[in-house]
Structure formats: structure tokens, C-alpha cells
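J.: Here is how the chains run, residue by residue.
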Amino acid sequence: MKAINTMKLEIESRSVNESFARVAVAAFVSQLDPTIEELGDIKTAVSEAVTNSIVHGYKEMKGKIYITVFIYENAQIRIKIRDKGCGIENIEEAMQPLFTTMGGERAGLGFAVMQSFTDRVKVISTVGKGTTVTLEKKINGRF
Amino acid sequence: MVFDYSDNVLTAFIDGEIDHHTATAIREAIDERILKDKPCVLRLDYGGVTFMDSSGIGLIMGRYKLITSCSGKIEVTNIPRNMAKVVKLSGVEKLGRITIKEN
Chain P
1 MKAINTMKLE IESRSVNESF ARVAVAAFVS QLDPTIEELG DIKTAVSEAV
51 TNSIVHGYKE MKGKIYITVF IYENAQIRIK IRDKGCGIEN IEEAMQPLFT
101 TMGGERAGLG FAVMQSFTDR VKVISTVGKG TTVTLEKKIN GRF
Chain U
1001 MVFDYSDNVL TAFIDGEIDH HTATAIREAI DERILKDKPC VLRLDYGGVT
1051 FMDSSGIGLI MGRYKLITSC SGKIEVTNIP RNMAKVVKLS GVEKLGRITI
1101 KEN
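Top to bottom, those sequences are chains P and U.
Number 104 in our numbering belongs to position 104 of the first sequence; there are no gaps in the numbering.
Number 1086 in our numbering belongs to position 86 of the second sequence; there are no gaps in the numbering.
No lab work stands behind these hints: they were computed from the structure.
Note that this is a predicted model, so its numbers are computed, not measured.
Careful: at least some of the hints might be erroneous.
Below, in silico cross-link-like pairs of lysine to aspartate or glutamate (EDC-like), each with a Cα-Cα straight-line distance of 16 Å or less [to be verified]: (1) U:K1085 - P:E37; (2) U:K1073 - U:D1015; (3) P:K84 - P:E136; (4) U:K1065 - P:E10; (5) P:K122 - P:E93; (6) P:K80 - P:E37.
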């Protein structure tokens, strides 16, 4: 399927960029006239994925995060969040709700939130090479 | 952040966005007050929160651990309706009195 519109964004893995990333994606998706709730869902899911790259992928070290958003016919969107961090050894385990390697302050809900706030979550990861999370969602909008 | 401490209840009024970035400063401010006031109840008022991801849940879980280790209880009030979804998903409602804002 060919995208009818795309956007690419490259950011440093600084936590201050989490809000920029989710707002930028939401602003691009706004052309589909989504509901406030749909926009909130997208912002939340993107925030989780970008935070994962910063906290787990790069372990708070410097690196780049690449975000691409594709808009397809029928208001389907696909958001790719890619890092060149440490990768995930066991994706199935990482995606379990409440699983976290970070202890008390992280809820371990990142993937659960992504899954519940979008229609589909795909994770491709290679240890030592990085991780790509793909989020898909249909925007039903206000009509 | 604005705090109120009366009748052994410490209320923290949180506003703005809660994500992994902002959570650090919020957490440090609250923990400092918990250790100073040693309240029986810690009440997190989420009424002014405009966005939160799972960091908003992590904040509750972390404070729950600290306040229960001081024999206190946790309450979370005024969670905006559009953020109820993350709260429901997390099961954090088991930790104390967690209430969603009435419209």
C-alpha cells in the first residue's frame, strides 16, 4: 500500500524531547481530523515508544530516534519509532504487562498502553542493533 | 507544585504533563514532603494534569511504596476523564482510593 502523505523526524534521545515527539506526531495526524480521544491515544502511545527508546534502548545515553509517520487511504496511519540502541533480548517478555527492568518508578505498562491505544503494535528488535516499534491505527474522526 | 498539609493529610496538586521527563522533578518534590511531614494519607490531586502516559501510573506506584513503608495510605483524586483509560488498564486502583473527576 502506498502512503498518501509521510513525515520523518529525527530527534536526540533526550527525555525533554518526549513531549516534542508526541506533539509533532499528533500535529501531523491532525490533518485527518481525529477526535480529541484519538489524538490523546496517539500521543500516549508515541510517548511510551519514545520513552522506551530513551530509557531501555539507549539506557539514557546519547543516540538518535527516528520517527516516520505514514498516512494511507481510509485514514489509516502507521507510526514507526526506531532506535539504534541495545535491542530487546526477549520481546515476548518485554511486552508482558507489569514487566519492567527498571524497578519502582516505571510501571511496566509501556507496551500494554501501546497495544490498548492503537489497533496494532509490531516490534522488531536485534540485540546490539536496535529496535523498531510500528504502531497502526485507523482514524475514524469526527464524522 | 502546590502542597497542602492538614489533619495528617498531605495533598500534592499536580499540574501539567506527566511523562518520564517531568516525573523526576514531581517525584522528588513529593518525596521530600512525605519525609518531612510524615502524613497518614498522601493525596495526589491529578486535577490539573493535561497529559499523562504510564509515567503517571509509575508515579502513583512509587509513592504508594514510599507512603506504605511509612505506614501511610495513598489516595489519587480528580483524575481527568480522558486519562481514566491508562488508570483502568494499570490496575492501580487496587492500591488505594483512586477517583476519576466528575464532569
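J.: Against this structure, judge whether each hint is valid.
T.: Going through the hints against the structure:
The straight-line distance between the Cα atoms of K1085 (chain U) and E37 (chain P) is roughly 10 Å, inside the 16 Å bound, and the hint therefore holds. Of the pairs offered as hints, the one joining K1073 (chain U) and D1015 (chain U) is violated, with about 22 Å between alpha carbons and a cut-off of 16 Å exceeded. Between the alpha carbons of K84 (chain P) and E136 (chain P) the distance comes to roughly 21 Å, so the proposed pair goes past 16 Å and is violated. Between the alpha carbons of K1065 (chain U) and E10 (chain P) the distance comes to roughly 37 Å, so the proposed pair goes past 16 Å and is violated.
Restraint check for K122 (chain P) and E93 (chain P): satisfied, since their Cα atoms lie roughly 14 Å apart, inside the 16 Å limit. Simply put, K80 (chain P) and E37 (chain P) have alpha-carbon atoms about 21 Å apart, too far for the 16 Å limit, and the pair is violated.
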